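Asks: As given, the protein sequences belong to chains F and H, one line each in that order. Residue 107 in the working numbering sits at position 107 of the first sequence, with consecutive numbering throughout. Residue 101 in the working numbering sits at position 101 of the second sequence, with consecutive numbering throughout.
Simulated from the structure, these hints should not be mistaken for laboratory data. Predicted model, so just to flag it, every value in this text is computed and none were measured. Using N, Cα and C, we set each Cβ at its ideal position, and we do this for glycine too. A few of these clues could be false.
Unchecked claim - Coverage of chain H stretches by chain F, computed from C-beta distances (three or more under 8 angstroms per stretch; other residues unrestricted):
id	stretch
1	27-41
2	82-94
3	99-112
4	129-142
5	146-157
6	182-188
7	243-249
As the list claims (entries may be wrong) - Examples of chain H residues toward chain F, derived with CB under 10 angstroms:
id	residue
8	Tyr12
9	Asp179
10	Leu211
To be verified - Here are the computed distance ranges between Cβ atoms for each label pair:
id	chain 1	residue 1	chain 2	residue 2	range
11	F	Val39	H	Glu33	24 to 34 angstroms
12	F	Ser57	H	Ala108	18 to 28 angstroms
13	F	Asp28	H	Gln181	16 to 26 angstroms
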Amino acid sequence: MTVQPATGGIGRGPSPSGLADVIDTILDRGLVIDAYVRVSLIGIEILTVDARVVVASVDTYLRFADAVNRLDLAAAGPPGLPEVVQGVKQGAIGDKSKEIAQGVLEAAGEKLRDYVGERAEEREETRRRRREER
Amino acid sequence: MGVGTEQGVGVYVYGLVPEDVEVSDDALGVGDEPKELEVIRHGKVAALVSEVSLDRPLGTPDDLLRHEGLLDATAAEVPVLPLRFGGVLASREAVVDELLAPHHDEFAAALKEMEGRAQYVVKGRYVEQTVLREVLEENPQAARLRDQIRDMGEDAARDARIALGELVERAITAKRQTDTQMLLEALTPVSALSAVREPTHELDAVHLALLVEKERQAKLEEVVGDFAERWAGRVEFRLLGPMAAYDFVMSSTPGGE
């Protein structure tokens, strides 16, 4: 289990989580200012970042079916080379690595450092994941 | 005239706090050239704001992380009502005249309720191989389909694969509901409020937001830790927080006054 308090526990630290978690949280939650303010709200353009919604589709079904069919192969032994290579590749890309490396204890500080170095890729990755999850 | 009424400059509002809150001098807001975080006070409430240039859209990863980072760091210390990302007013005066003054009592009451509390988010994701094995064991129809597909050609198997995948997806959805309910029941004694979030991934097992007394964080960690142990190798857990109570603030007066 990975516990991610704001750096150092209660009371300190910047963001407790990665970009994907932030997007889950702040884009469609929180008080909406235009419920309170009518006159001077400035309609500043917000870059479109859709909240990710999971909708099961034929793609989802096929992916699950293929995962089921791979089960016995995986049980037969350690992952083959292609899987290993894929794991490494994905692990190197910011946001995706969070999925892959789940369960690995990561300090929030480390995550932020990773993020700083791979910002552009991470943004791209977020988009791609959203498409996959449609 | 406030500085905020200058051409091309707005006042970005992060959230609402009690009036006695102060911000450190080096705290910066959103934007390419972030300005200092400021507190605009009125009566017992205040708004956390910073000037923002209006010449580019908001919403870069930095902006999003900054918004949540500021609010979460605040929530760890003091009560805060977080605003949704992207609220910009024309001037500092507007923040008082339109936001703080007309809703002063409502905000003050909500901040009082938030005293000593913060939000935590529990995310659990199924380990794919484990959950798929469970589904095959529990669902003879799925196991049968799997065996049939083995003996078919790639094309002939497409319909069967779709049927199998749909069965699996439904089974996982049912597991998600059961497991979410179980965890929610265990967490209810620890939480002041709870909310079930929509899954954001097809292998999500649980996705919960909880409003918890910050003093009880250790207890919360203990309960989630127990489940992580019980479901080791089956569900990977993450516990986020303390953060601002994004899931628990609601506009009781939609449309304003």
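Asks: Hints first: check each against the structure and report whether it holds.
Replies: Each hint tested on the structure:
Evaluation of the coverage hint for the stretch 27-41 of chain H: breached, as 0 residues show C-beta separations to chain F shorter than 8 angstroms, against a requirement of three. Restraint check on the stretch 82-94 of chain H versus chain F: 11 residues with Cβ-Cβ distances below 8 angstroms, three needed, restraint holds. Here the stretch 99-112 of chain H counts 3 residues with a CB under 8 angstroms from a CB of chain F, which clears the bar of 3, and the coverage holds. Chain F is given as covering the stretch 129-142 of chain H, and this holds because 6 residues of the stretch bring a CB closer than 8 angstroms to a CB of that chain, at least three being needed.
Check result for the stretch 146-157 of chain H against chain F: holds, 3 residues qualifying (beta carbon to beta carbon below 8 angstroms, three or more required). A stretch counts as covered by a chain when three or more of its residues have a beta carbon under 8 angstroms from one of that chain; for the stretch 182-188 of chain H and chain F the count is 0, and the coverage is violated. Coverage of the stretch 243-249 of chain H by chain F holds. Counting CB-CB distances below 8 angstroms, 5 residues qualify, and the rule asks for three or more. The restraint placing H/Tyr12 at the interface with chain F holds, with a minimum CB-CB distance near 8 angstroms, inside the 10 angstroms limit.
A hinted interface residue such as H/Asp179 counts as satisfied when its beta carbon comes closer than 10 angstroms to some beta carbon of chain F; here the least separation is about 15 angstroms, so the hint is violated. With its C-beta approaching chain F no nearer than about 13 angstroms, H/Leu211 sits outside the 10 angstroms limit, and its interface hint is violated. At roughly 27 angstroms, the beta carbons of F/Val39 and H/Glu33 sit within the given window of 24 to 34 angstroms. Distance hint for F/Ser57 and H/Ala108: a CB-CB separation of about 47 angstroms, inconsistent with the stated range 18 to 28 angstroms.
Take F/Asp28 and H/Gln181: their Cβ atoms lie about 24 angstroms apart, and the range 16 to 26 angstroms holds.
Comparing the model with each numbered hint stated earlier shows that hints 1, 6, 9, 10 and 12 do not hold.
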